[in-house]
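Asker: Take a look at the letters that make up each chain.
Protein chains: 2
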Amino acid sequence: MALVVIGGVAAGLSAAARARRIDPRLEIVVLEQGPVISYGACGLPYLLEGRVRDPRQLIVYTPEYFRKERNIEVRTGARVIGISHPRREVTLHGGERVRYERLVIATGARSFAPRIAGADRSHVFALRTLDDAQRIRAFLGERRPRRAAVIGAGYIGLEAADALRRNGLDVTVLERSANVLLREDPHFTAAVRAQLHQHGVELRTGAEVTAIEAGQVAGVPCDLVILAAGVKPNTELAAEAGIEIGRSGAIRADDRLETSLRGVYAAGDCAEVCHLVTGRPAWIPLGTTANKTGRVAGANAAGGRERFAGIAGTSILAIFGMGFASTGLSVAQARAEGFSPVAARIEALDRPRYFRGKTATVELVADRATGRLLGGSVIGEEGTAGRVNVIAAALHSRLRVEDFEQLDLAYSPPFSPVWDPLLIAAQQLAKEL
Amino acid sequence: MALVVIGGVAAGLSAAARARRIDPRLEIVVLEQGPVISYGACGLPYLLEGRVRDPRQLIVYTPEYFRKERNIEVRTGARVIGISHPRREVTLHGGERVRYERLVIATGARSFAPRIAGADRSHVFALRTLDDAQRIRAFLGERRPRRAAVIGAGYIGLEAADALRRNGLDVTVLERSANVLLREDPHFTAAVRAQLHQHGVELRTGAEVTAIEAGQVAGVPCDLVILAAGVKPNTELAAEAGIEIGRSGAIRADDRLETSLRGVYAAGDCAEVCHLVTGRPAWIPLGTTANKTGRVAGANAAGGRERFAGIAGTSILAIFGMGFASTGLSVAQARAEGFSPVAARIEALDRPRYFRGKTATVELVADRATGRLLGGSVIGEEGTAGRVNVIAAALHSRLRVEDFEQLDLAYSPPFSPVWDPLLIAAQQLAKEL
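Sequence lines, in order, name chains A and B.
Residues in the first sequence are numbered from 1 upward in steps of one, following the numbering used here.
Residues in the second sequence are numbered from 1 upward in steps of one, following the numbering used here.
Same shape as in the complex, but just chain A:
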């Protein structure tokens, strides 16, 4: 029995490691097309910033580690160019064939900037790999650019803007849609815009970029461009092998992460999964989901029987020291999904004043028909991650506002006010329901 895993970053390695736990004797091979495995892609903005000084700090495991400690063969520079499921084999670039009995596809996603002329200019960079980050660092050192344009206000774009600003550049972020972070939420976008502005970064939404010229993009003068306009799942291998692709454009998988081909699993940024709130397939590529789906896919591929519960779409990022977090659906997203959303947004101190309490903003969204919580956002300095995680836990349990309002949350002055901002928001929302 042999398990082949295509992809050696978060999902692929989680799958391989978990499969090994389930079956100590299984033959496991991980095929990674790049030169390194297991790097923390979410740390790339901090490598760009200079906070992470050595790219090796972002590499969690090496192929040697997996070979020696886990008895898993990890091959780098091994690019799969075809899957033949009837023959249960994959073909590598170069012609070599590798047999499998079970297969996990963890091919990830890639940067996607359609129809932007000049994207291949030498001052234009993506930020998806260690190599990308190092090339930008080198460019910063050698060319000393003074003005940067960041195309795309997703996580990578906003974190790159923060990192470049901290390196002394003037930065403008150009986002095609009306919102940042793919969250259809004008208040959230306004808060991000205000925080960026306060630290000298301009955010332009509704800014369609069609061409990158030598000295400007969409009228913004710049000598460095970060292209972070979006990602798309790497599904070509799967599609060519006859595996069903979902409506989101990512590989369709059931709650065991099995694809339409029996014995073939998909995990990580290339797969769509169930959204806990809508109950429908969604594609929200994040590292946490990649690890979790990798674990479940690996367990099942090794003969286990595990279920992936689904995602709430929880995310957080820091912009100049302020946390911006959200989970579940915004009002607009809830409406688009057929709910009848009601929301409450409050501002409250995150701690007493004598512990230097700062303002936290909490928004909660619920369904008017059922009182069920649908999502929320938290913006603030202290406790932002913890608060959005409480909302996420509530989404997992389909908690209603009247239950959420009574959560027995911890209180002590160094940590929170006696009424946590979450509970104040819930009380406000309960009045609206």
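If you're looking for bench data, these hints aren't it; they were derived computationally from the structure.
Hints may be right or wrong, so weigh each one.
Copies of the same chain are indistinguishable here, so a pair counts whether it falls within one copy or spans any two.
[Said to hold, decoys possible] Okay, derived cross-link-like pairs now, DSS-like style, lysine-lysine, Cα gap no bigger than 30 Å in a straight line:
1. K232 with K68
2. K232 with K358
3. K431 with K232
4. K431 with K358
5. K68 with K431
6. K358 with K68
Since chain A is already given, all that's left is putting chain B on it; use the hints.
Answerer: Same frame as chain A, now just chain B:
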């Protein structure tokens, strides 16, 4: 229709304010025996420390505020000495009688140090009121004590020890039981002991104190003693009125917070409430519960129909900058409640090293028979409150470990590692189940 509330701190004022929202025309009178209302008792250790410089910083509302803004009459120095339910009236010290149709009893709890001789000496202080804190401050300034003994390792005792040590005193904490914070959990106690020791405070457990002498307590030389050996609910008024007292010793109340007398409600530190995990009545007096039960009691007393879900017993305190938090049941407590507990305790970084990640310790306890999460503890610097709150939310929803393990928690390097310590603990626990 008149509502009388006995007690003007957390529960009583929450009840009055909420009753006003439910019924704008209700006559509402709050009777408080002390000189001030609405002070944040949890801030007292910080007043003692000197971080809070003015006691007025801890007073949230004044009687004038309630009178003018809420049309609620708040009387201070109004001590109720009897309740006659057949006549629907309370009698004040001095003889005045006040009629009610609905009554909320929020008489709180008091310091309780049985059989300690010398507890009335002039260098012995409790720490339950603003006045207590100010008297200790004055004593520190005038007498310049150098060595303090704190009797009792509950919240107030440990926070007072921290505060006194920061004022330069040598401090020893004497606790009668084997555990701190009433949590039967040797690991938790060991962690508290280590943190205290590292900052020069000695913790002696199993230390029975029977007498306080002029220069020493239980062999510990000291010139200042803080008596924080326990609290007991103020139930005498209720008991004399024929109201049923629960097995915990606090006033028994149903899930609407109504006592055994119809139309009479109890809330806050004098009442017992349902424990979410055990389903049985419990008495865990905390400010958060006082506020929540006050709200529900006030709503129902004003003609609403609300339910109090119960408590998880969530709590947190800071000891020299480290957070110690717990919720639900420890292993020993779970066993005593008839569960068959399994636990996993892990140490993990709370953030990546390049964001100065520190070790966080997470313990999760589950029931072997059902896989249901029963409780947990979190010890660490960053994110401790948020993490224990996620466990608390899971207890509200009776989540099982296999669900908890898949929680979609927020990740970004400034806030957490990609596998949050909570999820690592859950994975470990899942292996044990």
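Asker: Please work out whether the CA atoms of K431 and K232 approach to 30 Å or closer within one copy, between two copies, in both situations, or in neither?
Answerer: neither (41 Å within a copy, 35 Å between copies)
Asker: With 30 Å as the alpha-carbon cut-off, assign the pair K68 and K431 to within, between, both or neither.
Answerer: between (59 Å within a copy, 23 Å between copies)
Asker: Between K431 and K358, at a C-alpha cutoff of 30 Å, which is it: within one copy, between copies, both, or neither?
Answerer: within (25 Å within a copy, 41 Å between copies)
Asker: Can you give me the call for K232 and K358, within, between, both or neither, at a CA distance of at most 30 Å?
Answerer: neither (38 Å within a copy, 35 Å between copies)
Asker: Is it within, between, both or neither when you check K232 against K68 at 30 Å Cα-Cα?
Answerer: Result: close neither inside a copy nor across copies, 34 Å intra and 59 Å inter.
Asker: Quick one: K358 to K68, C-alpha cut-off 30 Å, is that within a copy, between copies, both, or neither?
Answerer: between (49 Å within a copy, 28 Å between copies)
Of the numbered hints stated above, those contradicted by the structure are hints 1, 2, 3, listed in ascending order.
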